[in-house]
Amino acid sequence: MTADLEARFRAGERAALARVLTLVENDPNVHETWIGKLPPIGRAKVVGITGPPGGGKSSLVNRMISAYRQRDRSVAVLAFDPSSRLTGGAALGDRVRMMETWDDDKVYVRSLASRGRLGGLSDAVFGALRVLEAYGVDVILIETVGVGQGEIDIADIADVTVLIQVPGTGDTVQLIKAGVLEVADILVVNKADLPGAERLYRDLSSLVHEVDPKPGAASVVKTSAAENQGIDELICQIEGRIASKAEGMKARRAAAELRHLVLSRAERRVNRQLRSPEGVALIDAVARGELHPQEAIERLGSWGS
Amino acid sequence: MTAERPPVRVLIAKPGLDGHDRGARIIARVLRDAGMEVIYTGLFQTPEMIVRAAVDEDVDVVGLSILSGAHLTLLPQIVEGLRAAGRDDALVIAGGTIPPADAPKLLEAGIAAVFGPGTPLNDIVEFIRKNAPARTASAP
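Those protein sequences? They're chains A and B, same order as listed.
Using my numbering, the letters of the first sequence map in sequence onto residues 5 to 309.
Using my numbering, the letters of the second sequence map in sequence onto residues 8 to 147.
Pairs of lysine to any residue, SDA-like flavour, derived with a Cα cap of 25 Å: (1) A:Lys254 with A:Arg269; (2) A:Lys110 with B:Asp95; (3) A:Lys110 with B:Arg90; (4) B:Lys137 with A:Arg119.
For the chain A half of the interface with chain B, some residues (derived, Cβ under 8 Å), not all of them: (5) Arg18; (6) Arg23; (7) Ala94; (8) Ala95.
Note that these hints are calculated values from the structure, not bench results.
Remember, predicted model here, so these are calculated numbers, not experimental data.
Heads up, the beta-carbon is just placed ideally off N, CA and C, and yes, glycines get one too.
The following block holds chain A by itself, in its conformation from the complex (with noise of 0.2 Å):
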């Protein structure tokens, strides 16, 4: 069935495509297989868009579809949203506001579940970049929620990082904390049409020159999915730092996801230790006091993987 399978993908069957991300995504394995010689990505741009949720990320990147498709670029989108950590649930609903393009043989959606990983990404998205890569695609936009220090992994991932703002969602200090104007590389004021939408343009603006006035800074869009405004000046911006900011870009994908491989393992044994009785004991132990929490974590890395 694996060769099967290799031979539907390659011929550029939409459900071979699909069901070589399921195994990215399920099967710890998967790098033993041919898709785990697939090489990184080369010709594909990724463009990581991010942003509190009901900023309308789903919607911009709708109309960024029909945008690439005017240019005769075929693109493929991967939709992240969080999955429960209670139950592992997840309700993935970014494709409804995505159909204007749906039987276009050269647009491709996916939705993810970020299956319990910090930063609203899941650990298939470095095998699922490959693998799009492979099948063809020019144009790979990844859609993640990005409520705070999460934002800083797309950035790593992505060649240009748009992050989407909305107004009457606070003010600009908010993003001086959280530190991800170092990150992005376009602010996007998404719903332009409504009142508030001029004043945080300008809020960013001038926000934008005070903390990094260096050639470089993030520039700041305007856009309005709804009316479909702004939409050609972002594609152009991003276009515009592809180019200048290629470089470099291999080699701090690999790292992060060397660093992600690293950090999953990493939890995946914590958390199985935390759930052994010895485990048990130690959380019991703390929460009654009479452990310091620095002196359990010693214990448990005392025991090994």
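Given the coordinates of chain A, work out where chain B should sit on it, guided by the hints.
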């Protein structure tokens, strides 16, 4: 390495011209709370749109919610479309206002189960758990 069973992936879709989707949303939430990954398509989907979403998302289960009375027309088209796209392994189930007399026709057309109004939500969860195609954690 101890691999847990990966979450079941379910597409919840609304074929046809139904005016509301409360039932579909409730099912989506119940399945999510049962640990599944649920993709929701929204209202007014044609059979072709639903097949495309099921293929792209590589779901294990397609849940169709329909209230309009067009189930005998639309649902078999979706089963046929999945077959043509190479996804006849997907478990297709239906719910909504489907008269019990129509259920046998739908089962014959390849719908695995028909859940009428008043079905205990847990029955649906259990049916999916029992019948969703096995996705082993190992590459085929």
